[in-house]
Amino acid sequence: GENVEQHPSTLSVQEGDSAVIKCTYSDSASNYFPWYKQELGKRPQLIIDIRSNVGEKKDQRIAVTLNKTAKHFSLHITETQPEDSAVYFCAVSDSWGKFQFGAGTQVVVTP
Amino acid sequence: EAGVVQSPRYKIIEKKQPVAFWCNPISGHNTLYWYRQNLGQGPELLIRYENEEAVDDSQLPKDRFSAERLKGVDSTLKIQPAELGDSAVYLCASSLHRLAERTDTQYFGPGTRLTVL
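As they're listed, the protein sequences go chains A and B.
Everything in the first sequence is counted per our numbering, starting at 29 for the first residue and increasing by one.
Everything in the second sequence is counted per our numbering, starting at 617 for the first residue and increasing by one.
Rather than coming from a laboratory, the hints here were simulated on the basis of the structure.
Any given hint could turn out to be false.
[As the list claims (entries may be wrong)] DEER-style ranges, computed between Cβ atoms:
#, chain 1, residue 1, chain 2, residue 2, range
1, A, R89, B, L712, 27 to 37 angstroms
2, B, L733, A, Q88, 38 to 48 angstroms
3, B, K694, A, Q109, 39 to 49 angstroms
4, A, E111, B, R729, 19 to 29 angstroms
No residue lacks a Cβ here, since even glycine has one placed at the ideal position from N, Cα and C.
Please build the complete structure, drawing on both the sequences and the hints.
Right, dumping it as structure tokens:
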């Protein structure tokens with residue numbers, strides 16, 4: 029089955045700096061790669077996603093890059109703000125709709 | 617448009633008691649997921665429905681857990697009897713999935729926080 033590894037498990041950054049989280053996966057049939065943000069006590073919220081036919085996608089301060097050959101994808105947050113503090117999860121899915129999640133990254137943005 | 621609805625939001629029970637969770641997905645979404653999320657971890661799939669059919673229940677502990685989605689819309693997840701290790705947040709999610717085609721975005725409900733004493 030699919031195996032998703034996410035690093036780092038915790039990330040502390042100064043406000044205004046960039047944050048990068050990386051996920052690797054094992055199943056080459058995976059073709060959909062969403063990222064979720066989860067604040068304490070809240071539901072996971074989709075923040076950006078990318079499909080296998082695209083190498084990079086950007087939405088304001090957030091971007092995702094995908095390297096299908098190496099089977100890894102990364103979340104990039106630029107100009108971090110205190111409200112970016114949360115747990116971020118990557119996920120991987122195939123055409124059959126089965127999702128596998130990473131273990132999460134606790135991001136702390138300090139003013 | 618209403619999002620995924622779950623109830624109850626919180627539940628505290630003693631071990632060996634039964635408990636049930638309810639989920640109503642986004643209107644028109646044919647795929648429904650139940651996940652368990654332990655503290656500090658990512659969601660782990662328990663069961664996935666395509667309409668009323670359970671297409672993936674390999675991770676569901678069938679000795680004590682059961683689920684149903686009788687009319688292909690809302691769903692219930694039951695634990696009987698509950699154990700201490702079942703304490704977690706139970707998340708429901710839904711998506712519009714077209715078989716063998718692209719997977720669409722999965723939306724989560726607020727979850728039910730279960731505490732087993």
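Hints, one by one, checked against the model:
1. For the pair A:R89 and B:L712, the beta carbons lie near 28 angstroms from each other, so the given range of 27 to 37 angstroms is met.
2. Checked against the hint of 38 to 48 angstroms, the C-beta distance between B:L733 and A:Q88 comes to roughly 45 angstroms, which is consistent with it.
3. Distance hint check: the CB atoms of B:K694 and A:Q109 are about 42 angstroms apart, consistent with the given range 39 to 49 angstroms.
4. For the pair A:E111 and B:R729, the beta carbons lie near 24 angstroms from each other, so the given range of 19 to 29 angstroms is met.
Checked against the numbered hints given earlier, the structure satisfies every one of them.
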